[in-house]
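Asker: If you want the building blocks of each chain, they are given just below.
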Amino acid sequence: MARLEIAQVSLRFGGVYALQDVSVQVGAGELVAIIGPNGAGKTSLVNCVSGVYRPLVGRIHFEGQDITRLAPAARTRLGLARTFQNIALFKGMTVLDNLLIGRHFRQKTGVLAGGIYYGPGRREEIAQRRVVEEIIDFLEIEHIRKKIVHTLPYGLQKRVELARALALEPKLLLLDEPMAGMNAEEKEDMARFILDVNEEKGTSILMIEHDMGVVMDLSHRIYVLNFGKKIAEGEPALVRGNREVQLAYLGAEA
Amino acid sequence: MEPAFDTFPKLLERNAGRHPDKVALREKRLGIWHTTTWREYRDAVRELSLGLVSLGLARGDKVAILGDNRPQWVMAELAAQAAGAASVGLYQDSNLNEVAYVIDHSDAVFVVAEDQEQVDKILDMIDRLPKVKGVIYSDPRGLRGYKHPLLMSFESVQARGRQMEQARFAESVARGQGEDLAMICYTSGTTGFPKGAMLCFRNLLTMAGSLAQVDERFADDEFVSFLPLAWIGEQMMSVATALSFGFTIKFPEEPETSAENIREIGPHILFGPPRFWENLTSMVQVKIMDTTPFKRFMYERLMTVGYRLAEFRFNREKPTLLWRALYGLAWLLLFRALKDRLGVSRLRSASTGGAALGPDVFRFFHAIGVPLRQIYGQTEISGISCIHRADDIRFHTVGKPIPGTELRINERGEILSRSGAVFAGYYKNEEATRETLEGGWLHSGDAGHIDEDGHLVVLDRLKDVLSLADGTRFSPQFIENRLKFSPYIKEAVVVGTNRPFLAALVCIDSSTVGKWAEKRKISYTTYTDLSSKREAYDLVQKEIDQVNETLPKAARIRKFVLLYKELDADDEELTRTRKVRRAFVEKRYEGIISALYGEADHIAIDTEIRFQDGKRARIQADLAVRAL
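For the record, the sequence lines run as chains L and U.
So that you can map any letter, position 92 of the first sequence is 92 in my numbering, and since no number is skipped, the others follow by simple counting.
So that you can map any letter, position 339 of the second sequence is 339 in my numbering, and since no number is skipped, the others follow by simple counting.
Please note: incorrect hints may appear among the correct ones.
What the simulated footprint calls covered on chain U by chain L, stretch by stretch (three residues with Cβ under 8 Å from a Cβ of chain L suffice, anywhere in the stretch; the number is not a length) [to be verified]:
| no. | region |
| --- | --- |
| 1 | 138-145 |
| 2 | 247-258 |
Simulated restraints on C-beta separations [stated by the list, open to error]:
| no. | chain 1 | residue 1 | chain 2 | residue 2 | range |
| --- | --- | --- | --- | --- | --- |
| 3 | U | K428 | L | A127 | 50 to 60 Å |
| 4 | U | R141 | L | I126 | 53 to 63 Å |
| 5 | U | E317 | L | Y117 | 53 to 63 Å |
Derived by calculation from the structure, the hints in this document are not laboratory data.
This structure is a prediction, so every number in the text was calculated from the model and none was measured.
C-beta: ideal position from N, C-alpha, C; glycine also.
All chains should be built: construct the whole structure from the sequences, respecting the hints.
Answerer: So this is what it looks like as structure tokens:
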């Protein structure tokens, strides 16, 4: 059984079909990329999975459970996490606080017990902090732990966003253009972290990315969308050689 | 030095016996400082050492160590030494060729590499390293899929060690002697291949003992180990001195967090190259430029008081009561907080070595109450031969010899020294050994003289003292150091051998010049762009003008360019200890240099730069030549 199963999903905004009859599968421990020109419907698809949009028709199953109508927060509890194309962090807070917020859904102590400081509240705080510290170590962001997010360079903010998604301890990670706007060195770091997450933690990853070098190097399988339709799928080498893909990308004879 | 404790492993045993539960090492992991006591330290070393022996490490072998400053680094070193082998430290940012050369040349049989990054370097080169019997990593991150037969984890070697008869460790330690080889320190070598300086335990412990006579150490001192452990300066402190006096070594969480970790610890002893102290001062200056006018006003007034008091101290005068009272006020309002910010509140022993430090930086630290001193030495004399005495600090000298050290200048003007800390020779290079130790004196290769008060003044490398076409003698390093004292100039290379005049290649300091540009609303994108701005040229020209005024007419800089990139060790322009490799730089920038002596006022650049991982990128720029 695939970890994520998107079956014949269609999504319409007014008269425009953003997605038409799209099916995508992500297996356990798989790293899958979705590519396609601008406006192909990539982000719309991810938004359907994370719960921002409800598809018009079609079903989405996560580990066998139908999540098509589930609220976004409920999906998080099941083990779904995402990052955004344009960073969506709490800019005025520290990196550490941003990550701890990612742990909030795991905390059980209420306002009262938490407010007392000693006892269960503190124990839980320490346990959560440990998880967060391990992620900080994993993504090598020790040096910015106490920095305010908006003071950080863009590449690092992207990494912090990945860290917050990892704080949810997801089984499936949705990455919306994790490399956008990065320089070569930052891209290389990010690629290494994505691979590490996939290999060390066994997290399934569904990634939208424009950098073809990255996509071809990292992904196990690739889906290609164009005008809301899936035009190709398969292993990187296969997709690269696909004539329709070449046409969609290059617009003419390639 | 007691004869019974004449090696590092014996000192480790002594400390573990005397203070088993006292903290020996501290390392920050997952945001928390974790401690290792002397007993735990010794036990870890014992297990690793026996494990290495079970894998075939024999007395007289070498073990190469490559990684950031971590407890495992020093444990590996002591484990090798306890087994009668010597350690060979490698700079963690070395590239593949450097790593392969040192490992192969030193005949290392084991390599202790910290993590995936370092393991990759070794495995990439493994075909060129036929003598290596094992590669041991301490951080398993990312290495899960690696299946190389030589690869093993730090823990697995320790586990092997636990299976061995534990008493063999004590026997092996007892067999060690002061004359045994402790380590081979590969000197950065501003020319050609690095040379491996062989240091015995006796050399290093003599140095530690002599230095402590003029710069006190206590068992409850705190020290942060953040400079490369492959460097003799860090070995002096983190290993030789720490074992001798039993003080605690702290390891920062990551290299990037060391400034922050130093602040958390507030060490009693800090030893860093000039660059470290310059960075602290420029950080303060940058922040002050950014702050509110009121704070800036207060800072400037109160610093004046500090500078005045430092002046008293430099002139060896007693400050008047009024100035002392004012200083007390300044301390309350500024210095106390500022020192805390920099992590130097408890600092008792602050020293700088490796190159000259600008008087402005000296003044700054003495003004805020940090007793910074200059030291001088070479790897070949275990790192140090001279130091400023606490009450006798002069900007232009490097102080007096430490006890037990003889110093003299030969007829060529070269600095020679002799002491129990002088090394045993270069590994597999008898010719160089003979030259360096000719007549029983260590030939430093530095030109200098001893002034009337017995202070040593260092001028430059002997071979770098050059002459212009008209015969004028000049020392490029002397001029470069004067230039680098400017906060805006990070690196400078002065050229002029057999040329009609002197010219300079200058690298701006991107943080201070960048700040300066922002203040003036000068927009820029990259380093290359910033350094090609007319305003940046004007700024640097002013700085050079000032330096020129202090130089004799013939030795003034007449033309300069701002380089489009910073000099970098990865491009082999600097050594790993960040000294300019003059010959290489002059060759690499031959085109620019010859243009400096031509008529052109512009040079078109099209070149390649190399990243640490071996990738290359192309740079195109248009350099302006500025005549003064």
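Asker: Next step is simple, just say for each hint if it's right about the structure.
Answerer: Going down the list of hints, with the structure as the test:
1. Requiring three or more residues with a Cβ within less than 8 Å of a Cβ of chain L, the coverage given for the region 138-145 of chain U holds, as 4 such residues are present.
2. Coverage of the region 247-258 of chain U by chain L holds in this model, with 4 residues showing a Cβ closer than 8 Å to a Cβ of that chain against a need of three.
3. In this structure the hint that U:K428 and L:A127 lie 50 to 60 Å apart at CB holds, the actual value being about 55 Å.
4. Under the hint 53 to 63 Å, the C-beta atoms of U:R141 and L:I126, about 24 Å apart, miss the expected range.
5. Under the hint 53 to 63 Å, the C-beta atoms of U:E317 and L:Y117, about 55 Å apart, fit the expected range.
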